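These protein sequence lines are chains Y and G, in that order. If you read the first sequence in this note's numbering, its first letter stands for residue 1, the second for the next number, and so on. If you read the second sequence in this note's numbering, its first letter stands for residue 1, the second for the next number, and so on.
No lab work stands behind these hints, which were simulated from the structure alone. Each hint should be verified, as a subset may be incorrect.
Below, simulated DSS-like cross-link-like pairs (lysine-lysine); rule was C-alpha separation at most 27 angstroms, straight line [as the list claims (entries may be wrong)]:
#1 Lys9/Y to Lys73/Y
#2 Lys319/G to Lys358/G
#3 Lys282/G to Lys133/Y
#4 Lys133/Y to Lys232/Y
#5 Lys86/G to Lys139/G
#6 Lys282/G to Lys232/Y
Restraint-style ranges between C-beta atoms, simulated for each label pair [what the hints assert, rightly or not]:
#7 Ser102/Y to Thr202/G: 52 to 60 angstroms
#8 Asn92/Y to Arg236/G: 23 to 31 angstroms
#9 Tyr246/G to Asp2/Y: 29 to 37 angstroms
#10 Asp208/Y to Phe40/G: 42 to 50 angstroms
#11 Pro176/Y to Pro363/G: 37 to 45 angstroms
#12 Thr5/Y to Gly70/G: 32 to 40 angstroms
#13 Asp115/G to Pro176/Y: 26 to 34 angstroms
#14 Gly68/Y to Val156/G: 55 to 63 angstroms
Please read all numbers here as calculations on a predicted model, not as lab measurements. Just so you know, even glycine gets a beta-carbon here, dropped at the ideal spot from N, CA and C.
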Amino acid sequence: MDFETLRQKLREQHYICDDQLVTTVLVALQLGRPLLIEGAAGVGKTEVAKVMAAVLDRDLVRLQCYEGLDESKALYEWNYQKQLLSIQVNMNRQDPDQLTRSLFGDEYLLERPLLKAIRAEKPVVLLIDEIDKADEEFEAFLLELLSEMQVTIPEVGTVRAKTIPFVVLTSNRTRPLSEALRRRCAYLYLQYPDVEREVEIIRAKLPDANERLAVQVAEAIHKLRENDAILKKPSIAETLDWVAALEALGITDLDQEAFRRTSGFVLKNSEDLDAAEHPPEEAEGADCGCGCGHDHDHGHCHHHGAQA
Amino acid sequence: MRSVYLEKLTEFTHLLRLEGLAVGLAETADACAILEALGFEDRERVRWALRAVFAKSQGEQAVFDRAFDGFFVSQEQKEAIRARKKAEAEEMARRQAEAERDLQVRGQPLDIRDDLREVYMKMSDEKREELRQLMERTKPNIDRSPQLYTNFIRSVFMRFLLEQQMLMEDAAVGVEEALDPEMALMVRDIGTFRDEEIPRATALIARITQQLNAELSVRRQHAAHRGALDFRRTIRRGLETGGSLYRLSFRRKRRKKRRLVLLCDVSGSMLQFSEFALRFIKSLSDVAESSRTFLFSEAVREVDAFSLQNMDAFRQYVKDSGLYGRGTDLGTALGVLLQMRPAVLDPSATLLILSDTKTIDLPRAGRALQEAGRLAGKVLWLNPIPEGKWPYVGSIRTMGTLCQMLPCSTLSELAQACRRLVQ
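Between the sequences and the hints, there should be enough to build the whole structure, so can you do that?
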């Protein structure tokens, strides 16, 4: 696949991105390397994997990482109950050695996402989501899979990949990942889109949305993300939810009242809501930080009617 | 043509290594392969492709971009850079000549370290003028006692230059911020946090402690599936599954938790650091079986856990207690701890001191620390002064010989210290 084809296919999937992302994904595809995507929550990291599954016409196998995730949840597990039943049923019928050997066959193997991805007959897109939430031990275990495309199951031996999956790892950077893992991947750092691109995304995902409202929302979201006092920055999904909510309420102009009524769609905790509605006192003429996308003269916020 | 580009690429990878990026043969081979596939026509596309291969974090991306812009330049840019470098070299030569002329007494060069000479060269013209004027003012004393005069000038210059060196190092912190704001907060001096950055820093602490707690719980989970088999519990649990030993139980080691005694300096500049450090330590659910916290400046007060729940309550408590805005007297604080009955410090206790070691009556504080070390099981000192400055601070050198001192000037170092605390 060449650059133009990939860009075209991403657009067909309504994934709006810049040339840098297209180039990086292409690099990962051409080199057969996993793609490590870092960035703040909600910038569209997971979406890259989903879209790539559609672009490459492959199944998406997803492994959601969390604290304490281990091989039994990520790779495989023996169906212990079934093995026990089998022992009890066949105890007197079979040669004990043969019975033992039969217990470690495919019949008793519970495939988890990683094994499923490398044993698939057709290549898949493997999404290892939020790898930073998994422990360092698990990260070390992933190295064998990512570099050699094989895993070792003690009772079976080494399982080599039947097909090579396109691997996408995402991280919110809650902890730094190991150098060894990083070195095996092509790296992409995703940032929040600028106002124009966010408007494009709204247009692509919600084609019926009011054009003026889309611009207002994108500008407001941009301001909220720039506001240091807001801890949980609004994601792209939240932008779309907000536009959809405003549309559903029949609102065509994002004014103070509309912001107050619908701010719960973008700001999800009371401190952030408070910070957006009551920004700290700033210099005269400065933006009030409410996210409503207007400048305020003489230290007054026209929207809130309060002293800025 | 192609071989020329590949030769350039090899030179570029060498440059990246010099810039501190871990570039191996595998990456170079990948870069060759990708450039052959993508072509060399579009400069930005080449940049993005090489960046995906060579730079593996946001910080590395910034380093890569600088190196790329410096290496792959047009002829005009090359000329501009050459002219700029030439001007810089001339300026440095001028400053060096000035430094050689200024840094001498009675015709002899001043006995100061080379790095401080370099600081003198990089200092602003105003600052250098200050030193020149000082020398001019004190010149009439030169004949009265030449040796005394030389020593005086040397000590004044040394102190001034060390101060400038520290200021220059602190100023360089802003450069890291430009690379990656969030990670920069981790490696920046806690004392330099601005008010608007505190919520972000607090959120970072919560995230790191969550991670530390998770590491601990995973370690415990793993420990529960290892070691000697507990036959009694395994058989008893097996009864639930008709006698099949479906779930195995292992003997668990009895965990011996420590008692933690925290002694926090809340005088003046230490308040912010103590807040962050306490927040860190208190968030570690597994750090100790029980803990007692004492705040001190010239006096000492025990503080209850409720007062530490949020920063505003903590600041208010410190202000109401009368400790705020006073000097530091570690000797008195340790003396109070040592005399408390029932005893606060015993072999099961770990004494954790959060202070910058700047205290009145250092010898008395040293003696009290020695006594505390004798009574407590372990004494750890979390010091907010950057480790690079320790050799210049006499009190750190003294206290460092009496207990284990850990650098904690940044959130990253604080996290490392806390990790050691729970291990």
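>> Checking each numbered hint in turn, tell me which of them this model violates, lowest number first.
In response: Checked against the structure, the hints that fail are numbers 1, 5 and 9, while the rest are satisfied.
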